[in-house]
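Enquirer: If you want the building blocks of each chain, they are given just below.
Number of protein chains: 2
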Amino acid sequence: MTVVEARVPAAHGKAFRLGTGDKISVINTFGNQVVDTWAFDAKDIHHRLSMELTRRYLLKLRPSVGDILYTNYRNPILTLIGDTSDGMHDTLITACDKATYEKLGCDEHRSCADNLAEALAEFGLSLPFTPGPINLFMNVPISNDMNIELKACEAPAGATVTLRAEIDCYVAFSCCPMDIVPVNGPGGRLSPVDIRIERALA
Amino acid sequence: MTVVEARVPAAHGKAFRLGTGDKISVINTFGNQVVDTWAFDAKDIHHRLSMELTRRYLLKLRPSVGDILYTNYRNPILTLIGDTSDGMHDTLITACDKATYEKLGCDEHRSCADNLAEALAEFGLSLPFTPGPINLFMNVPISNDMNIELKACEAPAGATVTLRAEIDCYVAFSCCPMDIVPVNGPGGRLSPVDIRIERALA
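Respectively, the protein sequence lines represent chains V and F. Throughout the first sequence, residue numbering follows numbering that gives the first Met the number 0, covering 0 to 201 in sequence. Throughout the second sequence, residue numbering follows numbering that gives the first Met the number 0, covering 0 to 201 in sequence.
Hints in this document: simulated from the structure, not taken from any laboratory. Be aware that one or more of the hints could be misleading.
Given that identical chains are not distinguished, each listed pair holds provided it fits within a single copy or across any two copies.
Below are the DSBU-like pairs computed for lysine-lysine, each with C-alpha atoms no more than 30 Å apart in a straight line [what the hints assert, rightly or not]:
{"hint": "1", "residue 1": "K42", "residue 2": "K59"}
{"hint": "2", "residue 1": "K150", "residue 2": "K13"}
{"hint": "3", "residue 1": "K42", "residue 2": "K97"}
{"hint": "4", "residue 1": "K59", "residue 2": "K150"}
{"hint": "5", "residue 1": "K22", "residue 2": "K102"}
{"hint": "6", "residue 1": "K102", "residue 2": "K42"}
{"hint": "7", "residue 1": "K150", "residue 2": "K102"}
{"hint": "8", "residue 1": "K150", "residue 2": "K42"}
{"hint": "9", "residue 1": "K22", "residue 2": "K59"}
{"hint": "10", "residue 1": "K150", "residue 2": "K97"}
Generate coordinates for the entire structure from the input sequences, incorporating the hints supplied.
Expert: Here is the structure:
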């Protein structure tokens, strides 16, 4: 088995090319770090992980271990095969982007949307929009009256989510650079995460 | 005041060009009809109503009267100013499309995604993907354990939602043609809806 290890630097993004059956783990090494996550069919990145579709097929708001995640063309792209966090992940909220920070008074700030664009560009790829991500480790509780909150990430150091590629695909991660609204670590702390890929084919 | 009235035929879609301040009402004339709804900035349709963003700003899963709906660039595009239904609208679920019906064994079937494309084409517009809609009148209850259900629409005949345009925009509606899974009327009944526009400028 071939193992690849990599680090996604704090406030930055990175994409990985996976073959069918490859397993990729996202390790919240220092804890409290939200990781916006996208996936794209390697044959056509307009076939992409879709939260609207995944919610429809799973009939739930948060995937858990064993659940398949679907593309906007209704095909399996990833399966959530491991999760040592408490399972608090968000499928509801947009990625932060340039406009987010402008509204908060920051004209220059990294964003998850830009991190995705940079990560895809490393493979010569681009999209005319930012798809809705699955926000791993993001703490968005939903009350019984259907209100939601954005709270600080509570993922402990070392919490790990593992995904298996169901097709050849790109998976992109962004270590969310939000340090104004408290969604990441205490005091606006931003952390890197570590990636471990187990290749199905040696 | 100028009033425009129109009908969106059963299983079909239609878009309308609104000026800032125009009010558009969707009347569920016969009841039990889901209406997938989108909106686009008239200056650039890549600036579009975004459920991921609207949930983020409203901090709730379903808009109600008085709520502003936002674009993916975080600008107000519509305000929900009237609602005589019970407020059951869905922001979570993708529009049905060709792939939906193929998975259900129907190779030829109208879809909300195609209805949007046809409606935009009437204005010479197109998009490379189908944005997540707000599904007016769609009955998607959410349980306390975050599971969701797709249930038959319970909107009574005449239930009306009214939206005000906050910018010059296109609003597109699709009378959902789903007659296999019971999300519309009893026995797969599909109905038209009626549209009433009150122009802010005579």
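Enquirer: Does each hint fit the structure? Answer for all of them.
Expert: So, going through the hints one by one against the coordinates:
1. In this assembly of identical chains, K42 and K59 lie within 30 Å of each other by CA distance solely inside one copy; the values are 28 Å within and 36 Å between copies.
2. Only within a single protomer do K150 and K13 lie at most 30 Å apart by alpha-carbon distance; the minimum there is 25 Å, versus 40 Å between protomers.
3. Within a single copy, K42 and K97 get their C-alpha atoms as close as 29 Å, and across copies as close as 20 Å, so both meet the 30 Å cut-off.
4. Taking CA atoms no more than 30 Å apart as the test, K59 paired with K150 passes in both settings, with 20 Å inside one copy and 14 Å between copies.
5. When the C-alpha separation of K22 and K102 is checked against a cutoff of 30 Å, the pair qualifies only between copies, where the shortest distance is 27 Å, while the shortest distance within a copy is 38 Å.
6. In this assembly of identical chains, the alpha carbons of K102 and K42 lie at most 30 Å apart only when taken from different copies (21 Å versus 36 Å within one copy).
7. In this homomeric assembly, K150 and K102 come within 30 Å of each other (Cα to Cα) only inside a single copy, at 19 Å, whereas the closest approach across copies is 38 Å.
8. In the homo-oligomer, the alpha carbons of K150 and K42 never lie at most 30 Å apart, since the shortest distance is 37 Å inside one protomer and 35 Å across protomers.
9. Proximity of K22 and K59 under a CA criterion of 30 Å is satisfied intra-copy only: 24 Å inside one chain copy versus 34 Å between copies.
10. Taking the closest pair of Cα atoms, K150 and K97 come within 30 Å of each other only inside a single copy of the chain (21 Å); across copies the shortest separation is 38 Å, beyond that limit.
In summary, the structure is inconsistent with hint 8 from the numbered list given earlier, while agreeing with all the others.
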